[in-house]
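S.K.: Use the sequences and the hints to build the structure in full.
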Amino acid sequence: MLAARAFEPDFLRRLDGLMMQARRIRAPRAGRRVLGRSQGAGIELEDFREYAPGDDLRFLDWNALARLDDLKIRTFRPERQIEVTIMVDASASMGLPADDDKLGFALTLAAGLAYIGMSENDPVRIAVFSGHGPAARFAATPFFRRRESYAEFRPFFGAVRGGGETRLSEAAGLLLGQRRAPGVAMIVSDFLVGPGDYETAFNDLLAAGFEAKAVHVMGDRESAVDYPPGNYRVRDCETGVVRDVSFGPREMEECRRRIAAHAEALADFCKRRGVMYARAFGASKLDEVVVNEFPRLGVMA
Amino acid sequence: MGLLNPANLLYALSVAALIAIYLRARSRPTIEVSSLIIFEEAPAPVANSRVLRLDLPFWLEALALGALSLALAGFYFRVYGAAGGHRTHALVFDLGAAMNARGDDGTAFDAARAAARRVIANAPEGDSFAIVTYALAAGAAGAPTAGRAELNRVLDGLKPTDVAANPAALRAALVDARAADTIDLFANRPAPPVIVEDAGLTAPPRFHRVGANAANLAIVSLDPGVPRSSLGRALIRNFSYHPQTCELEITAGGRTVFHSGFIIEPRAELVVPFGPVHDGGLVEAQILTRDGLAADNVRYALAPSIAQMRALVLSPDPGVRDDLARILLAINPNFLVTAADPNLTNAFDRRQRFALAMLHDCGDAGVAADARLYIFPEPLLIGTKQPPILPVTGSVAAAEMRRRAGVGELATPVLLGPARIVKLPGWMEATSEGGGAGERDEFALTAAGRARDGAVGMIAFDVRNHLLLDPDRLDALLAAIGTIRRLIAPPDVMIEPTGAIVTAPVFARAALLAPDGGRRMLTPDRWGRVRFQPLLAGRYTLAGGGQTISIYANYYDAGESDLSGAAPPAAVSSSPPRAAPAPAAGARHYHARTIGTLLAAAALMLFLLESIVLTRRAARWSARHV
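For the record, the sequence lines run as chains A and B.
The numbering used here numbers the first residue of the first sequence as 14 and each following residue consecutively.
The numbering used here numbers the first residue of the second sequence as 5 and each following residue consecutively.
If you're looking for bench data, these hints aren't it; they were derived computationally from the structure.
Every residue gets a Cβ at the ideal spot worked out from N, C-alpha and C, and that includes glycine.
Don't take each hint at face value.
Now the in silico label distances, taken between C-beta atoms and shown as ranges [to be verified]:
#1 A:GLU266 with B:ALA24: 32 to 38 Å
#2 B:ALA21 with A:ALA17: 27 to 33 Å
#3 B:LEU8 with A:GLU266: 48 to 54 Å
M.R.: Here is the structure:
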């Protein structure tokens, strides 16, 4: 399975120097203070720097001024507590086409993002969701803060099985139903749902104060619409709806165009709503995704 | 353009089957996709494309099957061009006795050879020739070659034999030659149409009739008579439509016993009595008059010995003893026959050695004889210590003779009495065969052979009730006489017809000297016998193992010796009206050129191409239905 790659040293080494930027810095809960690397308000002195006009005079080091007659500003390490929940779509559509292993690819990306998230000692968990109604499933790992705990994700990955329908809005509802402090919610999915579903999901998350991020996953063959020419009866693996189609060069080009349009619509929505959006089309482009697409999610070196 | 085997075009139905399979396979496969969002607006473009949309593998398979069907149907082009080039020719030669018929310009075979050389000379350079011969059997004289020197060498080495040309051999020769583009048949008479048809020739062979009408006399048979007792007889036949003079000389033991000339009527036979000869031994009759065929002008026979020989006839049945004694005396009146009942203790002098012992339904204990003839052999008795020479393995209540040596299949099987089935030792040969009445299994009814301690014969059927003297069962008597003659014949002289398989017990490697001076070594089989087939009339000498055996081969065949057919002169080769003339060098004409091999090769290439296409698709799509 492709997800096994998430635990390979080479892959992790490539992520070592990356960190996740969070727009909202939350105060720690009582007794649970965690230090981050970002500059900000805090109580632990980090460094001194030259005063620049406009700096808050509250941070001016008066002792240094009196002793050295030089204006120095004290900087502190910020205190932050951001819960990062990475939600991976484990519906049936993530299992097709079989040779694309979209689910494995999505789990690999989720693991990579979790590893990056741990760089700030933020509590990170990975959840999978699928189904709707009574069959809705939302399974998540415990929160892990330190990279030493990264290997704890492995048993969870091994237990993930795809199946059921995709209902992003229901998954968001399940997350919000846990009534945890707002944090970062990333959705890793193929987003092969109607616009209403993913719009509802992101709107709910944003309304609850979550910082939402979207990772749009598709398989190599799926994104290239690589099917043999001929007449087929295609069946939706989630709904069971059957449709007769004919494949030829022209039809395949039309399908590729529809995929691009669908992705553009999603990206446009995310842009409008302030949702970070990254596109991961093809497991063969994993390195390319890490380099080019992860920065769109606030990942920086 | 045409088809050699149009019926095979039925194989083209495989293309229809392919279409049916293809259309069935073209029914829409169902594939599961992640979502219909991608395919929502891409329905089947047009309904008829579901049926008629054909892809590359289909066309490749259809073309391959079509090519194979055409290859099987014998698709050919009519090509106009120079005859020859790389064409193949078959020269079929009759090597039967009639090809030795001598005319003014040599033998018929000389004319055949000259005609063949003309055919070879007229053929373009590069044409290859296969030389096939037939007489008793068909055979190829060397490998097909285009070398003129090699062909001349092979032609020079061919010699006619003194046997009648076998129709089955002619058929086999034509079958051997049918792969050639042209077939030239050199014979003194045309091949029967039924044989040409049986050989499956696409075109009749070009027939070159060789040999001239010739007057021919033949010695049909020679009966030496009984020395000093009865006259011998020679039967002379005139095959000509004119009266012929004949000078006949008969010698016995090196002495001339008859020499006279006479005139034989057209197409008539003349019985010439002579003798009686003075001594037993070889009798040779020879026509001294020059005629068409020399091989049938000499005939040999063996006169019975005049030496008094003792024979013993043992049988519990007095009638059988009487019959056997009569037959034995008829064959050679110089026999002194002792007939006795084996159940009587002092029936004959057991110290006496006999030239021949005929043992009917009894054992041979205490009998000293040079030759033994077991009639209705006694089964192995309980308590007998020494196994019998001829073990009896079964019996039938009534046997019937179906086949006899020298005659072949009998027109009507001869119903015999009870018979015992004997397991013959390897050194014995069956001279007549048959089986139980109404049964299919066959066994030997009469047999003869020679072991180291003497000759042994066997008659499996019972001869009680005067069976051998019954005129309705003459074949039984003739088989018995033949067996007795083999037993009493001198071991160093044999008279055989040409073409027969001669078996001689020499118990060592032996040198065979043929009448034409040819010499070859023969290796004995596990029973010490050497075998050969005399193809020339005359005397063969077999020397080996400290003994010398003279084998005299007689030739006569009524069909082959009849040279009076209305044939054109030998110098002119002719063809039947349907036959095409020999192609001249550089002559151009239409001929069929089959492309079966090309079509088969094309089909293979198409299948290979299809495999490549399918493999690439499978690798690309990784889908089971590809």
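S.K.: Is the hinted range of 27 to 33 Å satisfied by the C-beta distance from ALA21 of chain B to ALA17 of chain A?
M.R.: With Cβ atoms ~49 Å apart, the hint is violated.
S.K.: Holds or violated: 32 to 38 Å for the Cβ distance of GLU266 of chain A and ALA24 of chain B?
M.R.: holds (34 Å)
S.K.: Can you let me know if the beta-carbon spacing of LEU8 of chain B and GLU266 of chain A is within 48 to 54 Å?
M.R.: This hint holds: roughly 52 Å between Cβ atoms.
In this structure, the one hint that does not hold is number 2.
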